[in-house]
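Engineer: Following the hints, complete the assembly by docking chains H, Z and S onto the known chain Y.
Number of protein chains: 4
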Amino acid sequence: MSVKEECGVFGVFSPHPADVSGICYYGLYALQHRGQESCGIVVNDDGLFISHKDIGLVSEVLTKDVFSSFPRGTMAVGHVRYGTTGATNRANCQPVEVRHKKGYLALAHNGNISNAGRLRDNLEINGAIFHSTSDTEIIAHIITRQRLVCSSIEQAVSNAMNIIDGSYSLVIMSRQKLICARDPYGFRPLCYGKTESGIYVIASESCALTAVGAHFIADVQPGEMIVFSKEGIEHRIQQCNSKPKSICTFEYIYFARPDSVIDGISVQASRVKAGRILADKHPVNADIVIGTPDSGLDAALGYSLQSGIPYGIGLIKNKYIGRTFIAPGQDTRIDRVKIKLNAISETIKDRRVILVDDSIVRGTTIRRTVGILRDAGAKEVHVRISAPPFLYPCYYGTDIDSQENLIACHHTTDRIAELIGADTLGYLPLESLDEITGGHGCCTACFSGAYPTPIPAAGKNQFEQRLSEVRTEE
Amino acid sequence: MSVKEECGVFGVFSPHPADVSGICYYGLYALQHRGQESCGIVVNDDGLFISHKDIGLVSEVLTKDVFSSFPRGTMAVGHVRYGTTGATNRANCQPVEVRHKKGYLALAHNGNISNAGRLRDNLEINGAIFHSTSDTEIIAHIITRQRLVCSSIEQAVSNAMNIIDGSYSLVIMSRQKLICARDPYGFRPLCYGKTESGIYVIASESCALTAVGAHFIADVQPGEMIVFSKEGIEHRIQQCNSKPKSICTFEYIYFARPDSVIDGISVQASRVKAGRILADKHPVNADIVIGTPDSGLDAALGYSLQSGIPYGIGLIKNKYIGRTFIAPGQDTRIDRVKIKLNAISETIKDRRVILVDDSIVRGTTIRRTVGILRDAGAKEVHVRISAPPFLYPCYYGTDIDSQENLIACHHTTDRIAELIGADTLGYLPLESLDEITGGHGCCTACFSGAYPTPIPAAGKNQFEQRLSEVRTEE
Amino acid sequence: MSVKEECGVFGVFSPHPADVSGICYYGLYALQHRGQESCGIVVNDDGLFISHKDIGLVSEVLTKDVFSSFPRGTMAVGHVRYGTTGATNRANCQPVEVRHKKGYLALAHNGNISNAGRLRDNLEINGAIFHSTSDTEIIAHIITRQRLVCSSIEQAVSNAMNIIDGSYSLVIMSRQKLICARDPYGFRPLCYGKTESGIYVIASESCALTAVGAHFIADVQPGEMIVFSKEGIEHRIQQCNSKPKSICTFEYIYFARPDSVIDGISVQASRVKAGRILADKHPVNADIVIGTPDSGLDAALGYSLQSGIPYGIGLIKNKYIGRTFIAPGQDTRIDRVKIKLNAISETIKDRRVILVDDSIVRGTTIRRTVGILRDAGAKEVHVRISAPPFLYPCYYGTDIDSQENLIACHHTTDRIAELIGADTLGYLPLESLDEITGGHGCCTACFSGAYPTPIPAAGKNQFEQRLSEVRTEE
Amino acid sequence: MSVKEECGVFGVFSPHPADVSGICYYGLYALQHRGQESCGIVVNDDGLFISHKDIGLVSEVLTKDVFSSFPRGTMAVGHVRYGTTGATNRANCQPVEVRHKKGYLALAHNGNISNAGRLRDNLEINGAIFHSTSDTEIIAHIITRQRLVCSSIEQAVSNAMNIIDGSYSLVIMSRQKLICARDPYGFRPLCYGKTESGIYVIASESCALTAVGAHFIADVQPGEMIVFSKEGIEHRIQQCNSKPKSICTFEYIYFARPDSVIDGISVQASRVKAGRILADKHPVNADIVIGTPDSGLDAALGYSLQSGIPYGIGLIKNKYIGRTFIAPGQDTRIDRVKIKLNAISETIKDRRVILVDDSIVRGTTIRRTVGILRDAGAKEVHVRISAPPFLYPCYYGTDIDSQENLIACHHTTDRIAELIGADTLGYLPLESLDEITGGHGCCTACFSGAYPTPIPAAGKNQFEQRLSEVRTEE
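If you read the protein sequences in the order shown, they are chains Y, H, Z and S. Residue numbering for the first sequence follows this note's numbering, beginning at 1 and increasing consecutively. Residue numbering for the second sequence follows this note's numbering, beginning at 1 and increasing consecutively. Residue numbering for the third sequence follows this note's numbering, beginning at 1 and increasing consecutively. Residue numbering for the fourth sequence follows this note's numbering, beginning at 1 and increasing consecutively.
What the hints contain is simulated information worked out from the structure, not anything from laboratory work. Incorrect hints may appear among the rest.
No distinction is drawn between identical chains; accordingly, a pair holds when it is met within one copy or between any pair of copies.
In the BS3-like style, the derived pairs of lysine-lysine whose C-alpha atoms are separated by at most 27 Å in a straight line are [stated by the list, open to error]:
1) Lys230 with Lys102
2) Lys319 with Lys64
3) Lys194 with Lys349
4) Lys317 with Lys64
5) Lys194 with Lys379
6) Lys379 with Lys281
7) Lys319 with Lys194
8) Lys230 with Lys194
9) Lys230 with Lys243
10) Lys230 with Lys349
11) Lys317 with Lys194
12) Lys379 with Lys349
13) Lys194 with Lys245
14) Lys317 with Lys379
The shape of chain Y in the complex, shown without the other chains (with noise of 0.2 Å):
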């Protein structure tokens, strides 16, 4: 599928000198799924920031030489970023660090402020410049002014949480302190842990404490703010907590690592139960039931486990194909999901399949799965989707095609079961999704279009409009 995931941060304090890149850099390893196009460290060596960020995944960007130039430090704080824009943007890169009267901050961020056009006009007005597109550097330049007439850190950035809207999961560093913070609506995860040796871990999912050897103690709640010093941690529960739980559906379904668990719901267990849903809201006679990797293969095992249908390894992914595949040679006419997925036919041939997916968007890539599975002999192709029908815009993060290409905008399921190529087609039930989270809150918008916040009036073309305003006023 092609909903892209929006970033992962991670954050770590150590209270006495240590190798805090070479964490943060494992964290970043296991938060690579959130986010390929360009990732960040900055160390905090007593005070004196270091940082290294740049175009590409971790293992490109954070070389044997650049880890040499990092010093030992008590904190780092790091980012890894999917960027919505084809144009990569070097100036986008996280963490943002800044300057400001009061000393350094280096910020980490995973969301969408959906007040972002009013904030930075606001901003403007008073002066401020901006370098680059991002809403982090909104962020950064509105704690930094509540610093200027707070008495600590920690005053601004829970000043600033009454001030932004929309959603964020917040790393934010400065010269003694590390600060997390997560919007009101807890709209992306975000917890923390302890390593043996005492070092405290944040990261954007849970997978990425165990990679570094850290025990979870807990998620960050929503609108909770959390500061790690070498006076000791200190909760700080906003006012603002009384908004409606909302952690973003997606990240069960697709975003989230499957070994993570959050709040509370392991990300494995609500992919099961999906797939069990779907087996008891659309049954069906057949052979096999397979998964596409690697979202879809939980769901495809729940599905088997409720229906009692034998779970196949159906399709099998290449693990070489990376963000630097080209695609040569137009004549040849190969297909680009032909390279990225093969069937294997043993499992196939003859059969009939139920092939579990997690989502349609613009229903080409699937389309071209169930080619693959003909191609590889099946004799019935199901289509089963472990989350309802995309039909709304997502303002929190999520990056879902515009209305006019989502399908399921334009076609009943059975038309698009016959546009795909597909003998069924099911959706999992849009009242099934608190069950797969665990009936705790969930953001449901881009299903049902219940939106949790107002809904920005302009949308997220509004920063490109007043800009074109602007270009004749000069």
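Structural biologist: Just chains H, Z and S now, kept in the frame of chain Y:
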């Protein structure tokens, strides 16, 4: 596991000028699992050879810039290589290209010449000089010298096949012909197919045929040579064909991609079968069967199907761990295996787990994997290995560790179970091997010591020894 | 010598879409001697800014791939930078680009803001955040804030010129205008010209105009701002123009290329003149006059012409010693200077040599150069320096070593001669400086201590001090 | 000018383990002017060969990382190469390394084998295969085959010298010996020296000895072979020594660095002499004499000294124009020569200028240079060339353009003056050549057609022809 695969070869023959480098690129992508150290492509543009080869993955070596420099052509040969020595050497990159009396040759080779030392001696006595340490250069010399006294390149290759011992799957390109050949024992796989536009494609594995949209025609038979030229396809079965068929068992167990079919047997089917046999031979009461990704998954599924114990996804592999992974931070004591693999507690916790893996070499990796499962809360861990114990060195191209490091050479199965922290341990019985490879003759030497060919006197260290003798001679 | 040059700026304004990035590239090539650490270009394509900047030489940063991504446009601004700190920092690359309330700005700056500390304080108190440590970002902030209360960008720049002290030659690009400005003292050079196809070009030195085929129009006057827009060229002489003209003497002596003409005086002519004065003031009997390549050659020629002693080519410079030169092999004790310079015995042997160089900082380099001449058989070595002794720090952008390292601060001329191994040593008299720069007012502060502006209180370390105070504040 | 230089060789022999790669690196830096396409070093660490070679400058190929991988050793051989074909081919990088019956060899070669075609034929008939198109590989084959029947490597090299025709300055390294050899005509220079710590150094030019702190001992004599081993230095004058000495005149005129002394004659002195001769043979009334940097400067100085007309610096060369220079922007019509050279008006304007350059090939470059001087205001431009007109092809390693492109083959001197825009033009008389090279026998074939060896029948295209014949054979 740490047994390393050994090269993939690919060839293209088009009756008309075509994007042969593009086809080759896609083919090598599909064969990348057979070698990640270096790769290369040589294109034949009406007799002119244009090549590019270097250390790195296909995606790293064959960049956009490189491709724009390749012309269209009628033939191409490609190679991916796994080098057994730490020192990556550009001189060893393939395809090997040579200019000789009668023209040009490009060779891609998968295998290991068992009489290399003696052949090299003979060649050097007659004035040959070598630029690399690869067997492939020896083959090039022998074919060239035969070419001087034979009337055609295919005669020369045919003669060379009577001179060279050991394992070889070869693709050889001259100015006007593309030739593939497989050794009389058939140690390594080789097959060919045809695209809808009439382009012939040769590949180590059938998955690479599928990847370029070619239909499988046949496996190259042991001892068979096939000549592709403007005059058509010509088969030459060698008289030496009377050798016992000895396809490497490990191609099925570990090397090959599960969507490949080798000598008529689906790789996936053979793995599922191995899992089923394990379930029969080493049953145990347990709650869940999981496989080590990726190569243990199919056998785990087979075990589950045969035993009725549910299949689960209990380990997740970080797919971003690449060739360039560095391991900073000794003081963080982060386990390399932990970076690569993570357990999913949801599936593991409080369960009796059967873990299916493909092999045990030193025992280090499996011990850590078992540890990861224990940490994730597994009540019991029962390890099942879809191959017999490794006991003997391989002289046919598989890089098995030296006997002193093979854990099975020193301990009983029970003791190994103890050492790796497993509750029980079961290997695939030696006598079941034939069953999983379709009964058509496989080499089991690394397990049984039953070598299909005479064992080379001095073994693999022969060449190094000879060199050190030379050192004092001059 | 080791005084380092300090940046070059370049701007292009075309009345019609043109290959402005190409013109900028050639211009930066011609200015490369002013800065080798980093470079960059920003193109203005109908209001859209496209940029590329990075650490490295023009030839390394602005590759073929980069160029293919630049569109045609109507304006461009470019920069080459020499950084004074060892740590090359990508955030300090120029041109600086900012987005503000009223649009976009790109700035390229050569110079040094002497009231930077106070300006930065004021800005930060009002909420400004900084991404780099460069003065240029301060200028960007000040222009932006003025823009908020001014009716046009040129008004804003004009106001900013009344706020900023120190040296600056600026090229500023907005969506619709290209503006250049030179500080009221005229510390750094800046001029402009026009190509035959009507494209205006701004450059730090006239050699860059010639390089792109533009004809010199005029130097930008001290305190002058020039606005290029579709409405035409508009000159604005600032009221602050009443400051004493203070062009940096070292531009003539060392920084600038000999084929440049600055403020009406040919750089080569001023160097030849310095040599002639040296011959008059410090005559000596000798056989040959040689110069240290490249910057000492013209003065050597002047000395020869005035004294009648033949000019010779006695030292050759290795032109392949680049930024990436490494110095392996401590045990080989190879002298770095020896790699760069080699004497030509033919010219030197058994001769009394006059060596003309442009300056002495610590004395290390000249000592080695004298040694090379002695090794090559020079009977006598008489050193003549085409500048007075360095005695005072520079606050206007020249990276002179700290006073404690300046050899002339600690020793008499005779003693220095002894220390560097010369038979005699003669400096250009301070009172002759005016003569070589055409008598139109030059800054001689680094030689005389006569600073044209108030000296900043805390000097260059001011900013670091402030930061360390902050450290304990939070 | 566009005659291209042809390789530099370097060798190190130390009686004790030392930083031989470091010495080699500095030596190659000093020889970089002899070849900028590729370079390489092979270190001999007690019989083990460690090498690195690639396309690029010394500073690009031999990076810090590469150096850290080189061990200390007792011998090293290095090479810089200029390739005559546009297609830079990694297979042609030197030193060539081969493994043969009796050990290892590394060879670095400067020159051109005139009987290469026949030798290659003979070798191929006897089964030899070639990996590159370089003559050096042929030499390696011949030495290897001689080694099989000789009792020592020096015997083999000695025999090979009787087989190989043409020009060669060779450095050959075996496991225990370092050998240098120069062809019987002495076409290319070669000399050796010794450092204070007793390390022997061999180099194409004496400037590379100086660069590593070695004292010049002697030129390798035409036909001489010198063997360095633990047993000491052994000279072997070949019987073939009776050939007429034929050092390439162009080494003095253009190739070599002015600070080198070749066969007892200072390169600078020979150039100054050429200038003096030009002044006598082609006097003209003028105001100033300038040289084209860098190779025309010494001759210009000679002209000035002899004529009494003042010497000036009238052209400046951009030293940052490197291998990677791209030429964007066709529509800007910027002249490539203009980027490289700029006139200094101060010196040129309203003057009658004598321009001294080293040669004219097609006439394009000199025409543009004259144009630059005219644009800068020269009243008259008198061109003097410090070599006779190019009229004949070179078979000994100098890449002179084909006769059809040599302007002197088609026009009289007066007409050429007209074509290049000069007022007058004067060449060095052919009969003066002996004078500038010390009268000890130089090859003047490219000017006179008097080839010291038989001209190869088919000339340089021989090999290509043979290949095309082969094409139809198979």
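Engineer: Determine for every hint whether it applies to the structure shown.
Structural biologist: Hints, one by one, checked against the model:
1. For the identical chains of this complex, lysine 230 and lysine 102 are intra-copy neighbours only, at 19 Å inside a copy versus 43 Å across copies, given an alpha-carbon limit of 27 Å.
2. Within a single copy, lysine 319 and lysine 64 get their C-alpha atoms as close as 24 Å, and across copies as close as 20 Å, so both meet the 27 Å cut-off.
3. Taking the shortest Cα distances, lysine 194 and lysine 349 sit within 27 Å of each other only across copies (21 Å), while inside one copy they are farther apart (50 Å).
4. In this homomeric assembly, lysine 317 and lysine 64 come within 27 Å of each other (Cα to Cα) only across copies, at 23 Å, whereas the closest approach inside a single copy is 29 Å.
5. Taking the shortest alpha-carbon separations for lysine 194 and lysine 379, only the inter-copy value of 25 Å comes in at or below 27 Å, while the best intra-copy value is 52 Å.
6. Taking CA atoms no more than 27 Å apart as the test, lysine 379 paired with lysine 281 passes inside one copy only; the shortest distance there is 22 Å, against 34 Å between copies.
7. Taking identical chains as interchangeable, the C-alpha atoms of lysine 319 and lysine 194 lie at most 27 Å apart only when they sit on different chains, with a minimum of 25 Å there against 32 Å within one chain.
8. For the identical chains of this complex, lysine 230 and lysine 194 are intra-copy neighbours only, at 15 Å inside a copy versus 62 Å across copies, given an alpha-carbon limit of 27 Å.
9. Taking the shortest Cα distances, lysine 230 and lysine 243 never come within 27 Å of each other, neither inside one copy (31 Å) nor across copies (53 Å).
10. Taking the shortest alpha-carbon separations for lysine 230 and lysine 349, neither the intra-copy value of 63 Å nor the inter-copy value of 36 Å comes in at or below 27 Å.
11. Taking the closest pair of Cα atoms, lysine 317 and lysine 194 come within 27 Å of each other only across two copies (23 Å); inside a single copy the shortest separation is 35 Å, beyond that limit.
12. Within a single copy, lysine 379 and lysine 349 get their C-alpha atoms as close as 7 Å, which meets the 27 Å cut-off; across copies the closest is 38 Å, which misses it.
13. Proximity of lysine 194 to lysine 245 under the C-alpha cut-off of 27 Å is restricted to the intra-copy arrangement: shortest distance 26 Å within a copy versus 57 Å between copies.
14. Taking the closest pair of Cα atoms, lysine 317 and lysine 379 come within 27 Å of each other only inside a single copy of the chain (22 Å); across copies the shortest separation is 32 Å, beyond that limit.
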